[in-house]
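Undergrad: One-letter residues, chain by chain:
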Amino acid sequence: MSLKPKSNWELIKNGMFGENTIFRMAISLCPSIAVTNGMKNGMALGIAVMFVQTMVNATVSLMRKFIHPKIRIPIFMLIIAGYVTIIDMLMATYARPIYKEIGLYIQIIVAFASIFARAEVFANKNKLVPAICDGLGMGIGFLLAMLVISFFRELLGKGELFGYSIIAGNPLLIMVLPAGGFLAVGLLMGFFNWIDMRFFGGKGASGV
Amino acid sequence: MGIDWVKLFELVVSSALINNFVFTMFLGLCIFFGVSKKMETAVGMSITFLMVMVVSAALSWIVYQLIMVPLDLGFLKIIVFIGIVAAFVQSADIIMKKVSPVLYYKLGVYLALITTNCIIIAVPLHNAGEHYTFLESIAFAIGSGLGFGLALIIMASIREKLEVADVPAPFRGLPISFILAGLIALAFTGFSGLITL
Amino acid sequence: MATEAEARKLVVSVSPHARGDETVGRIMWSVNLALLPAFIMSVYYFGPRAIYVTGLCILAAVLSEHIYQTSLKKPTTIGDGSAFLTGLLLGLNLPPSVPFYVPIVGSVVAIIITKLLFGGLGYNVFNPALIGRAFLLISFPKLMTIWFAPTAKFVAMDAMTTATPLGILKEEGIVKLMEIFGDKTDLYMSLLVGNRAGSLGETSVIALLIGAAFLFYRGYITWHVPVPFLATVGLMAWVFGGEGYFTGDPVIHLLSGGLMLGAFFMATDYVTCPSIRKGQIIFGIGCGVITMLIRLKGGFPEGVMFAILLMNCFSPLIDRSFKPKMFGAVKEQKA
Amino acid sequence: MSKAATFDRGIHPKYNKELASGKSISQANPPQRIVVPVSQHIGAPAKVEVNIGDEVKKGQVIGSATGFVSSPVHSSISGKVVAIADFTTSAGRMVQSIVIESDGKDESVEFKENPDYMSLSADEIKNIVKDAGIVGMGGAAFPTNVKLSPPKEKPIDAVIINGAECEPYLTADHRLMAERPNEVVEGLKIIMKSLGVKEGYIGIEENKPDAIEAMRSAVAGESIEVWPLEVKYPQGAEKMLIKAIKGREVPTKGLPMDVGVVVQNVGTAIAVYEAVRFGKPLIERVVTITGNGINEPANMMIRVGTLMSDVIEQCGGLVEGAVKVISGGPMMGFAQWTLDVPVVKGTSGILVLSEDEYVSSDDYSACIRCGSCIDVCPMGLNPSILSIYAEKGFYEDAKENNLFDCFECGSCAFVCPAKRPMVQFMRLAKSQVKP
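Chains as they are written, first to last, in this note's numbering: chain A, 1 to 208; chain B, 209 to 405; chain C, 406 to 740; chain D, 741 to 1175.
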């Protein structure tokens, strides 16, 4: 990707904006809709992903010398699955109400292309600190995306934020339903593309 | 032992249409948006997915209910299921290459994409969560696979049409596909309440 | 002589040099015109609310198209009557009582999200008015299901709320329906003239049929979509609509709900239904099946809207599967 | 036969034939100067056989055929070759042309008459037809002798004379059939003889009752049938005509001979007769000059090579507000940017449209998928999707949707409510992909 090594801060920034998992890279899309009907859920999943992403990157970076390239994929899988199980059990114990709603999606973090991709593309080739920064950046980027989407959906769909009532009146119930999730993500994605094109001369999302 | 065919049928229909994986459960979206550009790939993907889902659901059920539950190892299900899926996909890959190179040429490319897809792993996880019987697990897998295939094929046919549309530049590609999926999901809400399980 | 031709500035263009009279604008405005009887009946039954709601819809639809296009520096297409039509159809599909923001939200969703973001007229996948209505129904489930009895008086909304015939049929059964309307003939007559609760423009079957006849006469719609649609609904209502098989009353199902409005004015939308005739028949049958599925088994009393929207999803697929019969097609062609 | 024969689909444009249908064929004045393109036909261009300064006579070969699918060209006046250079043709291309200045004498080479023409052999007929430079006069201008020489594995059992004249406005074939029916029949008999065919048909749209009447009495006693056809465009397209009369469908990418039929235009039949009977080469033809943009509509016998401006002048000139001059009919003809183009063997009409007849297609809009074009396409294509593919540059997809079966009849463009330039899209796509 980049020829010259980036500073740690740049790595974090890159993950947050430049290669934002959802809006720029367009991978790991499922949770962007599934859990963003409320900011609480969105934040919970975002934090879970951030945790897994960072830990996986760190672990892979530490172990990269010992992993035989031929079996690296199953090993990565195991590492990811291990951390997902940890966060799964942690949340099941300490955040019971949220876990009831988004438990399936926590478990499904195991199949996130973004986590696997960063382990393969970055952590496997870099030292511990950059790998952690990269993971953190990616995780924060993901968390941010979750927060933005869930902000709009919860506000428009329920008139609430984090469960606190903000606007009175009839909210657009559809926004917290599946259809509204797709619409919100699509419109936000288009909006960010528009900003990118209008003010930064970008060409829009790579993605699909 | 009586088999409740009606319930199985309803399970298939409900998981295919009413609780469609894509439109109401948001699973498999990467693949859904990734391979729905051309009809041919969409059809190939649908077939491959259906087969893999059914087989991995069956294998997972056997392992989970007959080995893990008795041994009280339920907490390991994530690791075990992904292992099963990965192993199955890998062996299917090898077997297909040997047995039917033609089929492999047609569908093999999709196999590689499957392991990292949440929709495949979601089926056994859901089955385990709902404590389905073996047949119910299979029915759920079939329904989900059909639903996913249906979604893929509809999406592909519409996107072929969108390819030539004057979509505003910032919305081209993924954003409009999301909006499209939203509108399809809106239409699919018409099915809600059709079958209550 | 060359100078003469050049001085005259002869127009050079590709053949053909003769063109038919039909234009998009003419078609769209004709459809608008065909909806006039239904609109008049809605004003007759629901009073000024009908004008208010429909007018707001049309205004919001036309304005949002105009603003979107001018802000993107594109030529504005409000003159072709399609935005007007979307607004009108949406208005006729709303209950009379909705507050002012409902028509506006619906029209904006219909025009901006459903039509213009997809590339404008001709590229939209779904019928804009129906998406607008579905969006509203899901968003404001309470507001969108408050029905008023037709007062047949030109007065403000002080009428009593009631359920639509289909709603009564679904919740309380045919016996209750008969209790309200008297005997079957009375029921049929009420449904035919539109003396019942329902969306503004869907109630008067006669007015809708007059409009539809006009469109048939002008050749803007053909039987390929509406007839299979209605036939399927009738057949399914007869077979599955009663207590046992083959005891249902097809007439009630045919005359109530938004069926007539949907079958003649919305399922026939050029852009979102298949363009090949054979495909249109499949489309019509599909609409009918889903409508009855939802009416009889689903979670909503009325299924026409969702049926058309669902079949809209399939239109490109249907169009893809049916090719017109090609002249001189070689049969035993090997790929 | 109660109902007139026809094909599936098609359109009913306003025919506007009354402008010229009553005008008998008149003889145009011999032109002062002619421009003869060496390529007035499909196939290899003729090779120039004269030099600047040469004296030529009427009927003299000035360009010779250069292959099987090629045709010679003759001078239509007597005079001197003044230039050999590229000139614009009515199809808008630049083609090498021979310019001859008239000497006013109108001297002719001697034509070899042959009163006993029905005893000629098939090969002799073909040679005469070829040497006379006869090509299809309906517009496509395919060398006639090639049509008369089908390969052995494709036996021909019927010849159809195309008197449909489905293009609106045009009346040249109509007048020929009404005024010279016997020559049409003789021409047809010669063609049938050269192909060894027993069945002959003459298809005429029902809107020309006098032509049908005349032809009916002319074929009395012959094994030739006159078929009235439904008035519908494009009834006169070869494939549609064969479908209407013989009920056979020419396979896609095939030719009429694939179903055992040869179709010839009315004018071609007369040209064949004149060549075989009188030895006269194809140096003049009947052209309909019509439209509300011309002062005196007419059907005129015009020498090949006469400039359009010359012809228009003889018809009283253009009216004020004439906006478009078309070579051929309104459906498939070519709009002209200059009137200094010659009438060629394939020119069936000169149509001048006035402002109120003219329809602009400059602002077209997106396809609304009304399906009208699908309902009228005589080839059973999906013009809607083809035009969208062409518009957006998906030429390969257009090709897969049978782009190359389109023969640009313009029916789709005629009915299109969005006023899309369908034919232009088709041509664009065809130019971008190989068939």
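Honestly, I wouldn't trust all of these hints.
Dumping the calculated SDA-like pairs for lysine to any residue here, alpha-carbon to alpha-carbon at most 25 Å [what the hints assert, rightly or not]:
(1) D:LYS1132 with B:GLU371
(2) B:LYS245 with D:GLY1133
(3) D:LYS993 with C:ALA734
(4) C:LYS730 with D:PHE1134
(5) A:LYS100 with B:GLU368
(6) D:LYS820 with D:PHE808
(7) B:LYS215 with C:GLY647
(8) B:LYS246 with D:THR1078
(9) B:LYS246 with B:GLU344
(10) C:LYS730 with D:THR1078
(11) B:LYS246 with C:GLY647
(12) C:LYS728 with D:LYS894
(13) A:LYS70 with B:GLY291
(14) C:LYS478 with D:ALA744
(15) D:LYS1139 with B:ASP374
(16) C:LYS589 with C:LYS702
(17) C:LYS728 with D:ASN1142
(18) C:LYS730 with B:GLU368
(19) D:LYS1139 with C:THR637
(20) C:LYS478 with B:GLY282
(21) A:LYS70 with B:ILE287
(22) C:LYS730 with D:ASN1142
(23) D:LYS1132 with D:ASP1096
(24) C:LYS683 with C:GLU648
(25) C:LYS547 with A:LYS70
(26) C:LYS414 with D:ASN1142
(27) D:LYS1170 with B:GLU344
(28) D:LYS1132 with C:ARG725
(29) D:LYS933 with D:ASP897
(30) D:LYS894 with D:GLN800
A short list of chain B residues far from chain C (calculated; beta carbon distances all over 12 Å) [said to hold, decoys possible]:
(31) GLY242
(32) LEU258
(33) LEU279
(34) VAL310
(35) SER365
(36) VAL375
(37) ALA377
(38) ILE387
(39) GLY390
(40) LEU394
Honestly, the hints are just simulated from the structure, not real lab data.
Model, not experiment: these values are computed from the prediction.
Heads up, the beta-carbon is just placed ideally off N, CA and C, and yes, glycines get one too.
Undergrad: Out of the numbered hints, which ones does the structure contradict?
TA: 5, 6, 8, 9, 10, 11, 12, 14, 19, 20, 23, 24, 25, 26, 27, 30, 35, 36, 37, 38, 39 and 40
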